[in-house]
Amino acid sequence: MEHPENSSEYAGLQVNAGVAQPSIVNPYLSKIRKKRHQLYSPGEYVEGILKGDVSMLSQAVTLIESVLPDHQALAQEVIEKCLPYSGNSVRIGISGVPGAGKSTSIDAFGTHLLRDYGGKLAVLAIDPSSEKTKGSILGDKTRMEKLAVHPKSFIRPSPTAGSLGGVARKTRETIILCEAAGYNHIFVETVGVGQSETACHSMVDYFLLIQLAGTGDELQGIKRGIMEIADGIVINKADGENVEKAKLAASHFRNALHLFPMPDSGVLPEVRCYSGFYETGIDEILKMVFDYVDKVKDNGYFQYRRNEQSKYWMYESVNERLKSDFYNNSKISEMLKATEAGVLGGKVTSFVAAKKLLDTYYEGLRNT
81 MEHPENSSEY AGLQVNAGVA QPSIVNPYLS KIRKKRHQLY SPGEYVEGIL KGDVSMLSQA
141 VTLIESVLPD HQALAQEVIE KCLPYSGNSV RIGISGVPGA GKSTSIDAFG THLLRDYGGK
201 LAVLAIDPSS EKTKGSILGD KTRMEKLAVH PKSFIRPSPT AGSLGGVARK TRETIILCEA
261 AGYNHIFVET VGVGQSETAC HSMVDYFLLI QLAGTGDELQ GIKRGIMEIA DGIVINKADG
321 ENVEKAKLAA SHFRNALHLF PMPDSGVLPE VRCYSGFYET GIDEILKMVF DYVDKVKDNG
381 YFQYRRNEQS KYWMYESVNE RLKSDFYNNS KISEMLKATE AGVLGGKVTS FVAAKKLLDT
441 YYEGLRNT
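Throughout the sequence shown, residue numbering follows our numbering, covering 81 to 448 in sequence.
No wet-lab data here; the hints were simulated from the structure.
Among the hints, erroneous ones may be present.
[Stated by the list, open to error] Straight-line Cα separation of at most 30 Å, DSSO-like style, residue types lysine-lysine; simulated pairs:
(1) Lys131 to Lys226
(2) Lys375 to Lys200
(3) Lys391 to Lys417
(4) Lys232 to Lys161
(5) Lys403 to Lys391
(6) Lys436 to Lys411
(7) Lys377 to Lys403
(8) Lys226 to Lys367
(9) Lys417 to Lys232
(10) Lys232 to Lys377
(11) Lys391 to Lys200
(12) Lys226 to Lys327
(13) Lys232 to Lys325
(14) Lys200 to Lys325
(15) Lys226 to Lys200
(16) Lys391 to Lys435
(17) Lys327 to Lys375
(18) Lys200 to Lys161
(19) Lys411 to Lys427
(20) Lys391 to Lys377
(21) Lys327 to Lys436
(22) Lys325 to Lys391
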């Protein structure tokens with residue numbers, strides 16, 4: 081193809097050579113990847129965490145969530161060194177049915193809390209993992225627009241990764257690191273699985289349940305097991321034409337709460353209405369939470385609950401380790417498929433098959 085600009089009549093025109101097309105691969109990618117996978121010593125992690133280094137805190141949390149044995153050993157050493165600096169926060173669990181507005185409410189609660197009470201806030205948002213792909217969206221942070229850019233907040237989305245109780249398996253250990261980093265307020269957002277949220281209740285000082293109007297009457301309220309562990313109930317989306325419905329729902333929940341025995345804390349759960357979107361009624365909810373904390377600190381229940389939680393997680397750790405050792409046993413791994421086939425084929429019952437597996441496991445322990 082001829083170019084007219086190269087003709088002799090355009091002798092004064094000079095055409096410069098084009099710029100070479102750069103590579104579509106970032107030339108610094110290898111350095112970034114190398115830096116991302118760099119491991120520090122336990123002392124370096126602890127030093128960074130105590131200084132409030134968000135990057136170091138995030139990397140330490142990633143270590144906690146890792147399933148690699150080397151990472152787990154390193155993470156446990158970091159946790160032990162951070163333990164003396166923990167326990168100085170107010171831990172608030174936030175749960176509710178899917179779509180109740182938990183993430184939007186946390187954004188409103190958090191911004192008001194930092195404005196009125198000061199300090200620093202860590203939000204541990206738990207995202208459900210897909211049963212098929214085992215992946216998580218981890219998108220709750222996108223709904224927390226104000227907290228995401230607040231200099232005094234730290235938001236960490238984590239996948240459930242198959243753990244029960246609506247919270248991630250390592251959430252309690254992450255709380256310890258956040259407290260050591262100076263975060264004196266901790267929000268734990270669950271996936272909203274309904275009635276099996278005892279795991280979240282066993283790691284927080286105050287368990288807040290978010291409800292919506294029109295979910296049922298007093299009878300429906302007392303049928304839900306999660307109502308028994310709630311320290312406070314709030315009705316979201318009390319705005320516009322929904323205000324009266326929210327007030328009616330609040331009265332139903334108050335009536336339902338009177339049918340329960342008095343909680344061990346000695347403080348009857350309160351019910352409030354608010355709007356997370358329009359941020360109305362937020363200050364009253366925060367006052368309700370911190371009034372409760374003051375009361376249980378005065379009557380000694382605050383420390384009692386913390387002690388019971390520590391004992392609970394000791395036994396949970398034992399159960400988790402036993403389960404892991406059982407399924408990672410070589411003899412059990414060899415037997416599982418054949419035993420499973422026997423159960424599916426109707427040759428042996430589930431209970432007999434389980435007993436056979438356990439007997440084999442214990443026999444192997446005795447012989448070692």
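Do the hints match the structure? See the list:
{"no.": "1", "hint": "Lys131 to Lys226", "verdict": "holds, 24 Å"}
{"no.": "2", "hint": "Lys375 to Lys200", "verdict": "holds, 23 Å"}
{"no.": "3", "hint": "Lys391 to Lys417", "verdict": "violated, 36 Å"}
{"no.": "4", "hint": "Lys232 to Lys161", "verdict": "holds, 24 Å"}
{"no.": "5", "hint": "Lys403 to Lys391", "verdict": "holds, 19 Å"}
{"no.": "6", "hint": "Lys436 to Lys411", "verdict": "holds, 12 Å"}
{"no.": "7", "hint": "Lys377 to Lys403", "verdict": "violated, 37 Å"}
{"no.": "8", "hint": "Lys226 to Lys367", "verdict": "holds, 21 Å"}
{"no.": "9", "hint": "Lys417 to Lys232", "verdict": "violated, 51 Å"}
{"no.": "10", "hint": "Lys232 to Lys377", "verdict": "holds, 26 Å"}
{"no.": "11", "hint": "Lys391 to Lys200", "verdict": "holds, 28 Å"}
{"no.": "12", "hint": "Lys226 to Lys327", "verdict": "holds, 28 Å"}
{"no.": "13", "hint": "Lys232 to Lys325", "verdict": "violated, 36 Å"}
{"no.": "14", "hint": "Lys200 to Lys325", "verdict": "violated, 35 Å"}
{"no.": "15", "hint": "Lys226 to Lys200", "verdict": "holds, 14 Å"}
{"no.": "16", "hint": "Lys391 to Lys435", "verdict": "holds, 29 Å"}
{"no.": "17", "hint": "Lys327 to Lys375", "verdict": "holds, 26 Å"}
{"no.": "18", "hint": "Lys200 to Lys161", "verdict": "holds, 21 Å"}
{"no.": "19", "hint": "Lys411 to Lys427", "verdict": "holds, 21 Å"}
{"no.": "20", "hint": "Lys391 to Lys377", "verdict": "holds, 19 Å"}
{"no.": "21", "hint": "Lys327 to Lys436", "verdict": "violated, 57 Å"}
{"no.": "22", "hint": "Lys325 to Lys391", "verdict": "violated, 42 Å"}
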